Amino acid sequence: MNTREPAIIKSILDNDDYKFKMGQVVFHDFPEAVVTYEFTNRGQTPFPEGFADAVLWQIEMMATLALTYEEYLYLQTIPGMRLSYIEWLMSFRFDPGDVVVQQEGSVLRVSIKGKWFRTIFWEVPLMAIISELFFKLTGKTPSIDTNSRIIAKAKKLSEAGCLWADFGTRRRFDFKVQDAVCHLMKGTKGFLGTSNVYLAMKHGIKPIGTSAHEMVMGISAKYGATMANRAWNMHWSNHYQGLNGIALTDTFTTDVFLRDWDSYYARLFDGVRQDSGDPSEWGEKMLDHYKKLGIDTHNKTFVFSDGLDPDTFIRLTRQFCLMVKVVGGIGTNLSNDCGHKPLNMVIKLKTADFGQGPIEVVKLSDNTGKHGGNAEAIARVKGELRIV
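Using the numbering used here, read the sequence shown as starting at 112 and increasing by one per residue.
Rather than coming from a laboratory, the hints here were simulated on the basis of the structure. Source: prediction; values computed, not measured. One should not assume that every hint holds.
To be verified - Think about it this way: if two alpha-carbon atoms lie no more than 25 Å apart in a straight line, the pair counts; the simulated DSS-like pairs of lysine-lysine are:
1) Lys333 <-> Lys317
2) Lys459 <-> Lys333
3) Lys267 <-> Lys297
4) Lys396 <-> Lys493
5) Lys121 <-> Lys226
To be verified - Pairwise CB distance ranges (calculated):
6) Ile470 <-> Pro207: 23 to 31 Å
7) Lys266 <-> Tyr375: 37 to 45 Å
8) Asn410 <-> Asp371: 36 to 44 Å
9) Glu116 <-> Asp373: 46 to 54 Å
10) Asp366 <-> Gly154: 44 to 52 Å
11) Ala486 <-> Gly154: 18 to 26 Å
12) Leu354 <-> Lys402: 23 to 31 Å
13) Ala271 <-> Asp140: 38 to 46 Å
14) Arg426 <-> Lys121: 35 to 43 Å
15) Thr175 <-> Lys287: 38 to 46 Å
16) Val211 <-> Glu495: 28 to 36 Å
17) Arg429 <-> Ser202: 47 to 55 Å
18) Gly154 <-> Gly466: 34 to 42 Å
All residues carry an ideal CB built from backbone N, CA and C; glycine is no exception.
Turn these sequences into a full structure, and let the hints guide you.
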């Protein structure tokens, strides 16, 4: 096995848009926070011998990446990005010392530790590296009809009147496939853009992203689980002043989220994102909540992003399009429908330290199979939130 493959990540912007938007808030509001992340192989995929060495080689090469002047100018065109943050990004370099990669037999272990405003950038490219290396080092190549599948999906979604974006960076087959998704879907009616900032710049399409579970998880170590959703909505809205107004509901279950989703935030934010549980039930629950608050939903947006495929998203669009704007963030089904089973993996926040010592953080999604954190911490947070 050749563990010294050419660099997979060739740009700091080969990352998801929400990492830059979340990172900007962390940089300005939580510069003292130290966090850890941990890789979870949900699918129990066995990795080939020498795989950890191949990952480490890719990580070492990432230390040479620097924002180019073209990229520096491009970031200034993204609404809400502050020049103070973009100037700091010019000096940012990945530090391989943040990451520990080990392998025991076929079991891969990856952990990350460091200042939150720096380490926030590791998750997405690391997952992209692991995915691409796995297929490359196990001799897999994309099926001959990969591009035809992409084109057929674009046509099907467009003809159904759907609005969708590529969310496929983390579990893509490789960079070339995700690049093809953006190239082949660009200009198709209904295609909104991509989560990948580099590909958005390359193809002249919109970078798409707001925030993720790690933000509520992380600041729960500072504010407590009962205040975390509300505190994050406050930091986010204060920072972006109405831009990027999509809230993620299921860090500690949607039911808990709705306890704090009062008239103020429900009116302030443009909409909400679903990422676990039954999407149809979630949508009806959100419509009921807006109705109770006396809010007309026709100017609100529902973003669905949980393991979507075209048929599922077309059904959801038809179910809710008369009441809200419906958007789909379609990930693996676009960037890794290549004739091989994609990896089922995540890298999630494990601990956060705001100066009082590290605290174990958890995710309690609407699907218990997507809960994250150790059993003791999950039990503690469930108790705090009065979840039976």
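Open item on the list: Are any of the numbered hints broken by this structure? If so, which, sorted upward?
Closed with: Failing hints, ascending: 1, 8, 10, 15.
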